[in-house]
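Q: Sequence:
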Amino acid sequence: MATKSGYDLVVIGAGPGGYTAALRAAELGLRTAIVERCSQLGGTCLRIGCIPSKALLSWTEAYVFARDRLRGSGIASKGFEVDPTGMHARKEAIVEKLAGGIAFLLRQRGVEVVEGVARITGPQTVAVRQADREEILQGRAILLASGSEPVELPFLPFDRHRVVDSTGALSFPEAPRSLLVIGAGAVGLELGSVWSRLGTEVLVVELLPRIAAGFSPMVSKALQHELEKQKIRFLLGARVTRAEVDEGGVALRVESGGAEQTLVAERVLVAVGRRPCHTDLGLAEAGIGLTPSGRVAVNRLWQTSVPSIYAIGDLIEGPMLAHRAQAEGRVVAELLAGMASRMHYLGIPNVIYTEPEAASVGFSEEELRAADRPYRRGTAYFGANGRALAAEAPEGFVTVLMEERSGKFAGMEIVGSRASELIGIGALALETGASVECLARMIQPHPTFQETVKEAALAALRVRRSKSS
1 MATKSGYDLV VIGAGPGGYT AALRAAELGL RTAIVERCSQ LGGTCLRIGC
51 IPSKALLSWT EAYVFARDRL RGSGIASKGF EVDPTGMHAR KEAIVEKLAG
101 GIAFLLRQRG VEVVEGVARI TGPQTVAVRQ ADREEILQGR AILLASGSEP
151 VELPFLPFDR HRVVDSTGAL SFPEAPRSLL VIGAGAVGLE LGSVWSRLGT
201 EVLVVELLPR IAAGFSPMVS KALQHELEKQ KIRFLLGARV TRAEVDEGGV
251 ALRVESGGAE QTLVAERVLV AVGRRPCHTD LGLAEAGIGL TPSGRVAVNR
301 LWQTSVPSIY AIGDLIEGPM LAHRAQAEGR VVAELLAGMA SRMHYLGIPN
351 VIYTEPEAAS VGFSEEELRA ADRPYRRGTA YFGANGRALA AEAPEGFVTV
401 LMEERSGKFA GMEIVGSRAS ELIGIGALAL ETGASVECLA RMIQPHPTFQ
451 ETVKEAALAA LRVRRSKSS
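Numbering (UniProt numbering), first residue to last: 1 to 469.
Treat the hints as calculated values from the structure; they're not laboratory data. Among the clues, some could well be false.
Claimed, not checked - As a list, the in silico DSSO-like pairs of lysine-lysine whose alpha-carbon atoms are at most 30 angstroms apart:
1) K54 / K4
2) K91 / K231
3) K78 / K229
4) K408 / K54
5) K54 / K91
6) K229 / K91
7) K78 / K91
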């Protein structure tokens, strides 16, 4: 068994958190290795998550826009041909291009990429099992960044045909006649939207009483209203209890409002959440503790119960978001290099990439009320925005929350066509400790969607002044 020593950092997992940490560590002069169980770099986000889904969302959104929204503009389409095979080929080409970019950067910065299955064998050692051999990597620090995987319902196992997870729903060879989506979070709503746009009858079943439960009730209500206009149906407060699968499709037994009903569809997408991938890492043998929910327990410096071993991203408590993992990976690398680095968790945006999109950052109204922190809310609507009207995208709004005593920006929620791009304004305001007055005074180019952010800030200031007068 060969042993390679002298590493400053050994990273397990080449997803967004892992490769970001490896690149930053190497940039700062740390000798770094990264271990990935397959030859494909980029992790779930790049390979079977964020990027492929956004490609399909972008193309199907453009298809629907040209087919439906241009009718009153003097531009008429004569018909479109939908080719799922071509879509999937283009999607994979984009993925490979981005993966190639990651591989290039790792080579350029001298990061050693090791393919194989990693297992922790000591505070500073990782065993990597390959097809015909095993080798040991020794490093001053180890970073766990192995990500997560979809949760399977015990009575409805994935079969990659009738019952699929998000990966399967990204690769249907053709639009199914009907699709039942279990779970009204980001994954369920986004992939349900993709296939609904291509003609599939989509019904979303959700245990909770509203969709997009990570957002405020105002956002949930507005988003559901817009998606229902797109012919997506919802069954809320409903529990799936049993399932029967055959070659004809899937029958789900569902309890809702004290009654039972059977729902039948050609395919089912199970999107009820994800769980951390750490079963094969040897955590228990290494003395690494878990939280009650099964995540890896870490301190404020991302150290596990073994101080030389760190963990980030989907493995630890918090939202399972690629950009969160990237930020953590960068900070951990900087800490290992001796820098005084930090991370502002309040500034992590949350986005659902439907049409319209939903996005939030910072405190919610519920959180401010629970903390007994007086606040003011300002809301402005895209229906009054010239650019939104010209772009045939008047749906939605921006809400800005302001701390009443200090006037500081506290949070933002957006429903709208460009929400994912606009929410960064709120993240920057939180990072810099900006006041809502600063947002209101920003000179925005005209006409742009950004002007609605400014109008929401002005509305919050007006509310504050009217209350004080």
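Q: Against this structure, judge whether each hint is valid.
A: Against the structure, the hints come out as follows:
Note on K54 and K4: the hinted pairing is violated, with a Cα-Cα distance of about 39 angstroms set against a maximum of 30 angstroms. For the given pair, K91 sits about 26 angstroms from K231 by alpha-carbon distance, which is consistent with the 30 angstroms threshold. For the hint pairing K78 with K229, the CA-to-CA distance comes to about 23 angstroms; that is within 30 angstroms, so the pair holds. At most 30 angstroms may separate the alpha-carbon atoms for a hinted pair to count; K408 and K54 exceed this at roughly 33 angstroms.
A threshold of 30 angstroms between alpha carbons decides the hint, and for K54 with K91 the separation of about 9 angstroms falls inside it, so the pair holds. This hinted pair checks out: K229 and K91 have alpha carbons roughly 28 angstroms apart, not beyond 30 angstroms. Simply put, K78 and K91 have alpha-carbon atoms about 25 angstroms apart, close enough for the 30 angstroms limit, and the pair holds.
In terms of the numbered hints stated before, the structure departs from hints 1 and 4, listed from lowest to highest.
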